[in-house]
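Below are the chains, spelled out letter by letter.
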Amino acid sequence: MRKLTFTSVFSQLLLLLFVIAWIVPTFGLFISSLRDKDVLAISGWWTSFTTTEVNEIYRTKGKEDQIKEGDYYLIKSNLFDENQIKEIYRFGVTSKNIDEYEVGETALFKDKTEITVFENGDYIWKSKEEFKKKKGKRIFVSAKSPPSFTLDNYKEVLLKEGLGQAFLNTFAVALPATLIPLIICSYFAYALTWMKFYGRDLLLATIIASLVVPLQMCLIPVLTIYNDFGALFGVSAKSYPGIWMAHTGFGLASTTFLLWNFLKTLPSEMIEAARVDGATHYDTFIKIVVPLSIPSFASIFILQFLWVWNDLLVGLVFLDKHPSEIILTAKLKELLGSRGENWEILTTGAFVSMTVPLFIFFSLQRYFIRGLVAGSVKG
Amino acid sequence: MSIFSLAITVLIGVLFFVLFFHLSNFLLDYFRVKASKNFAFENSIRVIIFIAPAFIVLFVFIIYPVFETIRLSFYDKIGENFVGLFNYTWAINDPDFKRSIINNLGWLIVVPTLSTFFGLVIANLADRVWWGSIAKSIIFMPMAISFVGAGVIWKFMYDYRGPSDQQIGLLNAVAVALGFEPQAWLTIPIWNNLFLMAIMIWIQTGLALVIFSAALRSIPNETLDAARIDGASELKIFWSIIIPYLEQTILVIWTIITILVLKVFDIIYAMTNGQWQTEVLANLMYDWMFRGGGDSGRGSVLAFCILIGVIPILAWNLYRHKQEQKV
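So the protein sequences, as listed, match chains A and B.
So for the first sequence, numbering that gives the first Met the number 0 puts the first residue at 0; every next one is plus one.
So for the second sequence, numbering that gives the first Met the number 0 puts the first residue at 0; every next one is plus one.
Honestly, the hints are just simulated from the structure, not real lab data.
Predicted model only: the values in this text are computed from it and were never measured.
Glycine included, every Cβ here is placed at the ideal spot set by N, Cα and C.
Some hints here could point you the wrong way.
[Said to hold, decoys possible] Rough simulated footprint, nothing fancy, chain A against chain B, three-plus residues with beta-carbon under 8 Å:
hint, stretch
1, 80–91
2, 144–153
[Said to hold, decoys possible] Quick list of in silico lysine-lysine cross-link-like pairs, PhoX-like style, CA-CA up to 25 Å:
hint, chain 1, residue 1, chain 2, residue 2
3, B, 321, A, 195
4, A, 75, A, 60
5, A, 62, A, 127
6, A, 263, B, 325
7, A, 60, A, 154
8, B, 76, A, 195
9, A, 125, A, 111
10, A, 125, A, 67
11, B, 76, A, 237
12, A, 263, B, 321
13, A, 133, A, 109
14, A, 109, A, 131
Construct all of the structure, not just a fragment, from the sequences and the given hints.
Here is the structure:
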């Protein structure tokens with residue numbers, strides 16, 4: 000065991016501070032997505048773990064619910080909706096004195112009718128004469144609301160707001176947009192590493208230069224090509240195959256570079272021996288290089304998949320915003336504009352969009368980090 | 000579309016490329032057996048099969064567009080009439096452009112510096128406590144999240160309610176608890192840029208952290224132990240041994256984050272869309288790409304400005320690559 004020195008305690012505290020600062024924003028979002036939307040709009044998420052005291056106004060039922068029992072007309076019901084779990088401890092019948100009575104006591108209205116309110120929200124409203132008004136009376140309650148969480152927001156967002164469809168769409172964009180560059184670039188990187196041809200060094204230099212070319216430099220001409228294509232063939236190029244190829248193009252340099260970095264570490268004797276034995280480059284590639292490259296394929300797959308999944312710009316420019324094609328990030332941005340104050344929708348939507356990255360992150364973190372480090376140390 | 004038709008679309012798309020390589024190589028082998036053994040010819044066909052798809056994609060999506068964008072920056076909004084330097088003089092006199100340049104410079108100074116600094120400090124702290132790897136995981140996690148997702152997370156943090164209401168954004172709740180007035184953080188010019196940068200720092204610190212962690216392991220333990228035996232304080236070791244050792248790594252992380260920051264778009268687009276003086280080049284460029292039916296001339300000038308920012312890094316990378324090839 001290490002001694003508890005001042006430095007080590009200080010280190011731990013400082014690190015703890017960083018960890019808290021980094022986790023709190025995401026944690027708050029997650030907790031908020033599980034809260035009831037009415038509560039979410041009026042109280043901070045950090046209050047949701049403790050029992051809170053709230054003052055609320057409810058309205059009793061009107062004349063239609065009255066029954067006659069003996070000499071009295073009664074209205075019996077419950078103040079709360081079905082799924083509310085609250086505990087009333089005081090109540091009142093005028094706005095001037097909202098906590099005049101204990102639960103179980105009987106309050107007197109100005110019109111001489113009497114009401115008794117119980118802890119769980121049940122009430123009995125008693126009158127000697129028949130109730131005549133359609134509308135009930137206002138009841139002021141002070142209640143304790145214990146912590147409660149719900150999945151209602153997720154149901155709402157996935158089914159009604161169209162995020163479920165966007166979720167599927169994003170998969171339909173991200174899977175091919177990851178696999179296609181991986182296929183194309185593995186052949187390409189093999190050729191750059193083990194085949195001799197004129198212009199190889201120039202091609203390699205082009206890849207290295209392309210690594211840092213900002214996406215913005217390519218948007219306008221590629222968009223023009225897509226529009227021309229659409230005008231020429233009468234089908235919109237802004238569709239799934241269109242965005243797959245766009246992502247392939249923009250991810251090609253980094254995928255090739257990472258693979259090339261890996262392939263050149265393979266022993267050249269092995270490749271040459273296979274060649275001498277009469278294997279074609281194709282055989283060598285499929286039977287020797289691909290099996291050896293599986294771990295680096297995994298790293299690159301994760302990097303590119305996360306990149307495509309999280310991308311907004313390429314999705315905005317090269318995909319139509321139909322419900323059948325819109326991706327999660329674009330949908331989320333749309334919700335930010337149209338439902339800016341509906342935090343139950345935004346927090347839940349954001350969390351839905353994060354589920355897949357977080358799953359990959361926690362299950363395959365090793366490969367993710369390996370890919371990032373490999374990409375950075377050289378790049 | 001239903002999940003089924005989406006799956007079919009995906010499958011066809013991927014299979015197309017798998018089959019292309021299989022069939023073309025198969026055909027090549029098939030004819031090789033029939034024809035005389037002309038190795039040179041066979042090999043050059045093989046090279047073409049291997050590199051053609053990637054090269055075509057590279058040409059269509061990167062090489063051609065880069066030169067075309069430079070050309071378009073000298074043409075009018077529909078890209079047909081030559082206008083000389085008109086778009087450039089427009090940019091220099093445009094207040095939004097000036098604002099963007101200033102903001103981008105701010106981003107370039109603040110974000111890489113703080114991300115690298117935090118990453119370095121946290122990597123060092125995490126190395127010496129037993130729960131370090133959990134801490135690293137947590138701080139690294141934002142790297143997996145989209146910028147838009149991060150935008151929502153932080154917009155919620157910065158949420159503003161009037162002074163009489165209960166605050167639901169954490170930052171304002173803290174401000175009120177400390178006795179200050181609640182603020183609509185994202186609408187206070189100049190300062191709001193810092194609140195947007197905080198999001199990027201929150202994300203990129205994780206990147207710096209994992210790369211530093213990997214690099215720290217390469218520092219020989221003997222060196223550190225020797226220094227400790229000689230009585231050097233931890234702070235002294237940090238400045239005199241660790242920092243010089245990581246010089247190269249610091250530079251690499253700095254350039255990665257710099258490139259990323261130069262083209263920052265999603266955060267601005269999702270959070271403020273350039274309002275309240277938070278405009279940056281990438282967002283302005285996107286704006287001009289579509290504003291009033293799109294202005295390819297002005298859009299291209301703005302894109303070109305971003306490229307100019309990365310050119311030193313590009314040149315440096317090429318230089319290093321050349322040095323490596325010589326070895």
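Going through the hints against the structure:
no., hint, verdict
1, 80–91, "violated (count 0)"
2, 144–153, "holds (count 9)"
3, B:321 with A:195, "holds (18 Å)"
4, A:75 with A:60, "holds (8 Å)"
5, A:62 with A:127, "holds (13 Å)"
6, A:263 with B:325, "holds (15 Å)"
7, A:60 with A:154, "violated (30 Å)"
8, B:76 with A:195, "violated (44 Å)"
9, A:125 with A:111, "holds (9 Å)"
10, A:125 with A:67, "holds (10 Å)"
11, B:76 with A:237, "holds (22 Å)"
12, A:263 with B:321, "holds (16 Å)"
13, A:133 with A:109, "holds (17 Å)"
14, A:109 with A:131, "holds (15 Å)"
This entry does not satisfy hints 1, 7 and 8, going by the numbered hints stated previously.
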